[in-house]
Amino acid sequence: MEGTLNMIGMGLAGTGAAIGIGLIFAAYVNGVARQPEAQRVLQPIALLGFALAEAVFILAIVFAFVL
Amino acid sequence: MEGTLNMIGMGLAGTGAAIGIGLIFAAYVNGVARQPEAQRVLQPIALLGFALAEAVFILAIVFAFVL
Amino acid sequence: MEGTLNMIGMGLAGTGAAIGIGLIFAAYVNGVARQPEAQRVLQPIALLGFALAEAVFILAIVFAFVL
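Residue numbers (numbering that gives the first Met the number 0), protein chains in the order written: chain A, 0 to 66; chain B, 0 to 66; chain C, 0 to 66.
The hints are simulated quantities; they were obtained by calculation from the structure and are not laboratory data. Where a beta carbon is used, it is the ideal one built from N, C-alpha and C, also for glycine. A portion of the hints provided could be inaccurate.
Said to hold, decoys possible - On the chain B side, residues computed to face chain A include the following (Cβ under 10 Å):
id: 1; residue: A17
id: 2; residue: L22
id: 3; residue: E53
id: 4; residue: A54
Said to hold, decoys possible - Label pairs and their computed distance ranges (CB to CB):
id: 5; chain 1: B; residue 1: P43; chain 2: A; residue 2: G2; range: 42 to 48 Å
id: 6; chain 1: B; residue 1: E1; chain 2: C; residue 2: G8; range: 19 to 25 Å
id: 7; chain 1: C; residue 1: G8; chain 2: B; residue 2: I57; range: 14 to 20 Å
id: 8; chain 1: A; residue 1: A25; chain 2: C; residue 2: L66; range: 29 to 35 Å
Stated by the list, open to error - Partner residues are not named here, just some residues of chain A that face chain B (Cβ under 7 Å, in silico):
id: 9; residue: L11
id: 10; residue: A12
id: 11; residue: A16
Chain A on its own, in the form it takes in the complex (with noise of 0.2 Å):
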């Protein structure tokens, strides 16, 4: 049996972090569409929670190599 425990503990902070983005999208083409207006001042909080959940990944890939 090859590869490492480290991939698995990897994936499921992806797992995670993608249903999050998935979230933080869906609720800014909601607001979007109901108020087309607003997307000036909806992408850069859509753009701040993306970063923020994608840092729980970047977090977990960085640990996958230390461990």
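Chain A is already provided as a structure; the job is to place chains B and C on it using the hints.
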């Protein structure tokens, strides 16, 4: 089989943290889409929630090294 | 194979705790977005909910060492 079981536990905590961050920012985007003038009030709440959800992941990283 | 199965159990508790914190703060953000004057009432409720959800994770950390 290489790797450490601790990474799986860290990944599981990361799953929840990322989904939680996604939920918080989705609500933040929805709130600003409904009331753009509420962004000043909602931003610190969303960031507080992010910090508290991320703290679970940070704690898991720490204890992945300790255990 | 290194690491301990206790860390997986701790991670599973962290998954739920972080999702729960996310749900609480999402509802908090939604409530303040709908009625900004309700923040004074909602904040202690959200923080109480956070403490009770986090307590699950803290207990899991403790028992990961005990067991």
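Status of the hints after comparison with the structure:
Here the hint on B:A17 is kept, as its CB sits about 3 Å from the closest CB of chain A, short of 10 Å. Contact between B:L22 and chain A, as hinted, is supported at the beta carbon level, the nearest pair being about 6 Å apart and thus within 10 Å. A least Cβ separation of about 7 Å between B:E53 and chain A falls short of the 10 Å threshold, and the interface hint therefore holds. For B:A54, the interface hint is violated, since its Cβ never comes within 10 Å of a Cβ in chain A; the closest pair sits about 12 Å apart.
The supplied range of 42 to 48 Å is met by B:P43 and A:G2, whose beta-carbon atoms lie about 43 Å from each other. Between B:E1 and C:G8 the C-beta distance comes to about 22 Å, which sits within the given range of 19 to 25 Å. For the hinted restraint 14 to 20 Å between C:G8 and B:I57, the CB-CB distance of approximately 18 Å keeps it satisfied. Evaluation of the 29 to 35 Å hint for A:A25 and C:L66 yields a failure: the beta carbon distance comes to about 39 Å.
With 7 Å as the threshold, the beta carbon of A:L11 comes within range of chain B, its nearest partner Cβ sitting at about 3 Å, so the hint holds. Evaluation of the A:A12 hint against chain B yields a held restraint, the C-beta minimum of about 3 Å falling below 7 Å. A hinted interface residue such as A:A16 counts as satisfied when its beta carbon comes closer than 7 Å to some beta carbon of chain B; here the least separation is about 4 Å, so the hint holds.
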